[in-house]
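Using the sequences and the hints, build the whole thing.
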Amino acid sequence: MTTVLRQVALLTMKDLRIEARGRQTISLVAVLGTLIIAVLGLGLGPEGRVGGAGATAILWVAYLFGGVLSFEKTMAVEREEAAMAALLLAPVDRGVIYLGKLIGNLALMLALAAVITPVAVLLFGFDLSAAPLAFAAVMVISMIGFAAVGTLFAAAVASTRLQGGLLALLVFPVSLPLVVASTQVLVSVFRDGEPLGGLGLAVLVAFDAVFLVTSWLVFECILEP
Amino acid sequence: MLEISRKASAAYWMAALAALAGAVAMLIYYTPVEETMGPIQKVFYLHLPAAINTLLAGAAVFAGSVGYLWRRDLRWDDLAAAAADAAVILGLVVLLTGMVWAHSAWGVWWTWSPRLTFTFMLWLLYVVYVLIRPSIESADRRALVSAVYGIVAFLDVPLVYLSAYLMPQDIHPTSINMVGSMKLTLAAWFVPVGLISAGLVVARYRARRRARTQETVGCRRPACA
Amino acid sequence: MVMGVDIDAGPPPCGETAVRALDLCKQIDGRPVLRDVSIDIPEGRFVAVLGANGAGKSTLLKVLATLVRPTSGELEIFGRRVRGDAGPLRARIGLIGHQSMLYRELSARANLVFFGRLYGVPQPAERAMHLLEMVGLSDRADDAVKTFSRGMMQRAAIARALVHEPDLLLADEPFAGLDPPSVLALEALLLALHEAGKTIILAHHDVDQSLRMAQQAIVLRQGEVVVDRCTRLLDSTTAIREMVTA
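Residue numbers (my numbering), protein chains in the order written: chain A, 7 to 231; chain B, 11 to 235; chain C, 73 to 318.
Do not take every clue at face value.
To be verified - Here are the computed lysine to aspartate or glutamate pairs in the EDC-like style, where the Cα-Cα straight-line distance is at most 20 Å: (1) A/Lys79 - C/Glu177; (2) C/Lys218 - C/Asp251; (3) C/Lys218 - A/Glu86; (4) C/Lys218 - C/Glu177.
Bear in mind the hints are in silico, worked out from the structure with no lab data behind them.
Below, the structure is given as structure tokens:
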């Protein structure tokens, strides 16, 4: 067990250190996210009063595109000099490689959220004061599921040349339950004043559980340079 | 599988078409018209069997995907892809019949009701499967990515279902009183739809197998052939 | 110590088998790349794998390194059957491939320390420094690998492959991109490793150099083994002739 934790920590730190060197991915992704929100803001204009559900939708669009871009870039790091092959040659469980990548991706997603959520709140005048913790909790749970699936597919498509839109195509439809469930949960919390819970939250947690386990199991089979 | 003679194939499709003709005749002459909804309600007899078969096709994609990841034999990939073709066609039928229903019930062609939302998201899942395949040149990589997607997509179905049912309910409830003769018609419709679905999967499977050029392999062991 | 390698460790006592492959087949995209490859390599032997481009050398080395799973056939490394995941066996295998398998953004030292830690090498920092000295990169130890020339990257890759002191070293065209002094240095290093009892499998296009260094030569032609014998009994002309379809 300690070996597993040690190796996961080693892999995650390696990814974070590489990211820290260039800060390339986070800046690209943060800018992309902000631009998406700006486009939506300009498109809807001062007229466009965005209600509760609209707020989640806007944030999700930014997270989805930003997220997919980060997953592509963190996997590209392994492809550049076939470094992934070196990882596969080492006595490391494939599931450990998955966890290392997942935690790195999750960190990037959270950093992205930290940047663009305030931007969206500012530009659209979202009012999160009613239940800021519920909002954060729902978003974090959703992101875990999204990163779980995104990391898996990013590894699967890693060696194909046409990568551009491919990862987005694969990840978006599968992540739709996250978008729907998180939106409905937040609507019930903010608009209807319900406490956090119910079927929507259960769907989010179930999504995370199902796809974390599935990805861990499947990762073994998909890494072959 | 490939050695099914032309005669057997023709006989099968004639039987399927005969069953379809019989079912249509039954629909027009035998089944009573439902009071609240009128004659358009009869699309339901096509809608439900098509929906069930779409899910079965999805299960077949799952089976083919697991088979490929386990055995790495491209024949499993052919099965998954064939089943996905069927799922897209059937899903489209479900979607269109659902829209016709919605139009006759509520006067609009589309509403984000749970059932239509679920149908749409389910259809999208398999449309993506079919669309991404041509983007990947390498047969092995294509099969791998498709297999991972096929597994994830099917596991996603219950989550898609649950999240769709979080959407606001239909304004008008759509329960129908099913008289005995209606249940009989419904059961009858499963036959042609089932036959056509299965036939579709097999036909697509065989087409794929034929398309892939078989090279003579210098391996003595049959697994290589 | 020669080139930092302890040659007094000597070869193992009796011919233990390092690699035993039986009817290895590998299909890629439906095309056979390896056909019924069967080889037997005792521990401590230096083997040269020869063949024209596309003969399957790289694929064979990847399969033997347990990086790639064969479509069918059996593989035993150091007496242990490789089935599915090779797991702890990988700690004894090292591979030098076509690409350096390093992280471009990190320094050479950081790369080696990372891989050292991954393999559980004791004192990874010291080992990294030692290896960098051995390959002549100690003055560029803290520069990001992306600033390296092709030859320097190759030398760093060699260091990476050796960080965990593998008993079986597979080298796929390791001389590519090296300047003449580095070529001599690498040749000396491989021979020193061999003296120390390591098993070496080298895929190299220079037939003369290969036959000079190795004890056993395997020639691949279109995925099949066409020659497998002692280098003493093989001359380069014959080897080259065998590489090409008759």
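Now for the hints, and whether the structure bears them out:
no. : hint                : verdict
1   : A/Lys79 - C/Glu177  : holds, 13 Å
2   : C/Lys218 - C/Asp251 : holds, 19 Å
3   : C/Lys218 - A/Glu86  : holds, 10 Å
4   : C/Lys218 - C/Glu177 : holds, 6 Å
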